[in-house]
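Letter by letter, the chains look like this.
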Amino acid sequence: MTKFSSLSRQYWPTIALFAFLLACWQLAVSLGGIREYLLPSPLSVWNALWHSEIGWSQHLWTTTIEIIGAFLLAAVVGVALGVAIAWSPLIANALVPFLVFVNTLPKVAIAPLFLIWMGYGIFPNMLMGALIGFFPVVINTAVGLSQVEADMLDLGRVFNAPKWKIFAKIRIPNALPYILSALKITATAAVVGAIVGEFVASQKGLGYVITTTQSSMNTAVAFAALIWISIVGLLLYGAVVLLAQLWAPWAEGVD
Amino acid sequence: MTKVLIDLDQVGMTYEAASGPVEALAGITSAIGAGEFVSLVGPSGCGKSTLLRIVAGLRPATSGTVAVSGRAVTQPIPDIGMVFQAPILLKWRSILENVLLPAELAGKDAKALRPRAEQLLEMAGLGGFGPKLPRELSGGMQQRAALCRALLLDPPLLLMDEPFGALDAMTRDDMALELLRIWGEKDLAQEARKTVLFVTHSIPEAVFLSDRVLVMSARPGRIAADLRIDLPRPRTVELRASEAFGKLTLEIFRALTGRTEGAAGTA
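Taken in order, these protein sequences are the chains called A and B.
Numbered per the working numbering, the first sequence spans residues 1 to 255.
Numbered per the working numbering, the second sequence spans residues 1 to 267.
Since the hints were derived computationally from the structure, they do not count as laboratory data.
Predicted model only: the values in this text are computed from it and were never measured.
Even glycine gets a Cβ: it sits at the ideal position worked out from N, Cα and C.
Any given hint might turn out to be false.
Calculated pairs, DSSO-like style, for lysine-lysine (alpha carbon to alpha carbon, straight line, at most 27 angstroms) [to be verified]:
id, chain 1, residue 1, chain 2, residue 2
1, B, 91, B, 132
2, B, 3, A, 169
3, A, 165, B, 247
4, A, 165, B, 3
5, B, 91, A, 163
6, B, 132, A, 169
7, A, 184, B, 108
Derived coverage of chain A by chain B (criterion: at least 3 residues anywhere in the stretch with Cβ under 8 angstroms from a Cβ of chain B; other residues may be distant) [what the hints assert, rightly or not]:
id, stretch
8, 76-86
9, 148-161
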């Protein structure tokens with residue numbers, strides 16, 4: 001009960017502001033005579049969210065799969081590359097400049113190439129999300145693996161511990177908070193990537209729904225799609241935050 | 001003196017810096033007996049910590065030879081316990097798991113050593129703190145846990161690099177007493193005790209703890225004086241106020257600074 005009341009004390013300004021803005025929006029549209037295709041009222045957005053002919057579930061499903069796929073791909077590849085970089089200076093020298101180059105490319109500009117190479121489908125959009133989101137994971141993994149006190153490593157050397165053991169018992173747990181902190185960025189990037197992919201080429205998904213509303217002028221549906229996208233994004237972000245608290249409870253305040 | 005545990009013969013260390021070669025240690029020759037408590041005091045940068053790491057085999061000496069238990073040290077040697085200035089406990093592991101870390105790193109059966117780890121924690125006044133995370137303990141308690149970790153595999157040699165340097169003065173004096181108790185100054189005969197090589201900046205701390213104090217000169221570090229501390233054991237708090245204690249402290253101070261006219265004088 002006290003927890004609830006402290007939560008409500010913390011969040012009531014947010015909720016109040018949100019409600020106020022919604023009310024202003026609704027009033028502006030209904031009293032100001034703004035046309036629906038320019039700015040639909042909150043009520044019609046609400047209706048579009050549930051009672052549209054769009055068939056939300058399949059689009060929601062497609063985009064969710066793309067986002068989760070992009071996130072997992074970025075996480076796995078990012079951690080693997082980060083470990084490889086921290087494992088061997090040779091690999092680091094070979095890989096890092098190349099990765100920095102890839103990261104400086106505007107990923108959105110690559111999306112049309114993905115269409116040429118892979119055609120329509122879920123996978124190229126997943127790949128786009130992963131491409132946008134993997135870099136922070138690589139960097140944070142490599143940094144987290146190397147931020148170990150020299151004395152700690154001496155302790156490992158005194159006992160003649162093999163390199164893999166130092167990684168397994170000291171370096172990787174040490175990197176965990178860094179990795180989890182990068183994954184919060186990746187969660188957001190995965191959403192952007194999936195939607196960008198759908199904008200360029202798709203026949204399904206929430207990004208695709210938005211592009212179709214451009215021709216149909218059904219702006220309320222575009223707004224509704226935005227809301228669905230943000231719900232998926234928020235859920236993924238929340239899951240990562242939760243994961244961080246479960247896996248690395250000692251690391252409060254690392255990010 | 002009893003059997004020699006550490007034999008240092010003309011040990012020197014030169015490393016390459018951006019400005020050219022730097023001679024950190026030169027002509028260190030000394031023999032440290034088994035069960036002896038020896039402190040290294042010296043000005044900052046005199047290579048005390050480097051010498052400690054050379055003994056551990058963590059850094060190679062560039063000249064001379066080091067032998068521990070009669071064997072030349074050419075690589076890290078496992079039969080030592082190390083305590084550093086910071087406790088460097090793994091923050092995701094409980095205190096007990098931290099104490100057991102050497103067993104895991106050395107590929108020994110950590111489970112079998114659990115009772116010993118718990119016993120060590122008990123002895124260090126940390127009974128019941130085993131399941132806690134390091135951040136739940138004070139700095140002094142963390143350093144005690146680090147000492148337990150160093151003792152886990154019962155090494156004959158304990159290398160301590162300013163272990164109490166980061167603690168406040170009162171905790172520091174407490175820890176010195178604790179260390180002597182755990183070392184077994186009351187219960188063990190000298191040959192049954194661990195050999196301790198203890199680096200410190202504090203002259204009174206060195207006098208209070210040691211059987212011998214090696215005073216090192218500024219870079220390149222050499223042994224400027226080798227003083228026997230013939231104070232009765234077990235050492236007590238009252239000892240710090242005694243005349244003999246004060247005399248030895250002054251003597252080391254003079255050896256360290258090269259002044260002959262005492263603390264108040266100016267060169």
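Evaluated hints:
no., hint, in the structure
1, B:91 / B:132, "holds (10 angstroms)"
2, B:3 / A:169, "violated (38 angstroms)"
3, A:165 / B:247, "violated (50 angstroms)"
4, A:165 / B:3, "violated (36 angstroms)"
5, B:91 / A:163, "holds (20 angstroms)"
6, B:132 / A:169, "holds (19 angstroms)"
7, A:184 / B:108, "violated (38 angstroms)"
8, 76-86, "violated (count 0)"
9, 148-161, "holds (count 11)"
Checked against the numbered hints given earlier, this structure breaks hints 2, 3, 4, 7, 8; the rest are met.
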